[in-house]
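As numbered in the working numbering, residues 1 to 140 make up the sequence shown, in order.
Please note that a few of the clues may not be correct.
In silico lysine to aspartate or glutamate, EDC-like type, Cα no more than 16 Å apart, as pairs [stated by the list, open to error]:
id	residue 1	residue 2
1	108	120
2	29	53
3	116	90
4	29	47
5	56	36
No lab work stands behind these hints, which were simulated from the structure alone.
These numbers were taken from a predicted model, which means no experiment stands behind them.
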Amino acid sequence: MIVGQPPKRATEYARSNFNIAFTASPCLKNVQALTDGLWSYSSALGDLGFAPDKHKVYHGFFERLNNNRRERSWSTLKVNARRFRGFKSDLGLWSFVTHQVYLHNYFKPNVRLGGKTPAEASGTKLPYCQSYWKLFLKFL
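Based on the provided sequences and hints, a complete structural model is requested.
Written out as structure tokens, the structure is:
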């Protein structure tokens with residue numbers, strides 16, 4: 001570790017986090033890594049044998065695909081889940097996750113799909129219910 005360098009910005013910390021992820025799911029070594037360009041990420045990925053051509057770095061918020069936009073999409077889910085502060089049962093957790101999936105796939109229009117929902121764009125029919133309202137009320 002570099003003296004005076006905060007531990008979260010050092011290669012050792014990045015290597016430890018990537019190693020935990022690769023150990024938990026070995027198939028992650030075959031996917032593309034998207035990072036914000038911190039110097040320790042490429043060094044840590046190289047130490048763990050990750051192919052350098054699969055590591056994509058995006059700088060700045062205004063590039064088409066970058067880490068900031070991905071972090072924002074995860075933030076939306078975290079903000080929605082925060083008010084629950086833990087689920088009392090597996091059924092409550094399942095209901096919340098299923099509601100989020102249906103909300104994003106069947107109810108929320110996507111700008112990149114021309115204002116259609118992902119289900120409309122792919123031609124997928126509603127499961128279980130023939131009405132959007134019946135499906136929506138099922139998870140309230």
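Right, here's what the structure says about each hint:
1. 108 <-> 120: Holds: residue 108 and residue 120 sit about 11 Å apart, inside 16 Å.
2. 29 <-> 53: Roughly 12 Å between the alpha carbons, so the hint for residue 29 and residue 53 holds.
3. 116 <-> 90: 32 Å, violated
4. 29 <-> 47: 13 Å, holds
5. 56 <-> 36: Judged against 16 Å, a Cα distance of about 9 Å means the pair holds.
In this structure, the one hint that does not hold is number 3.
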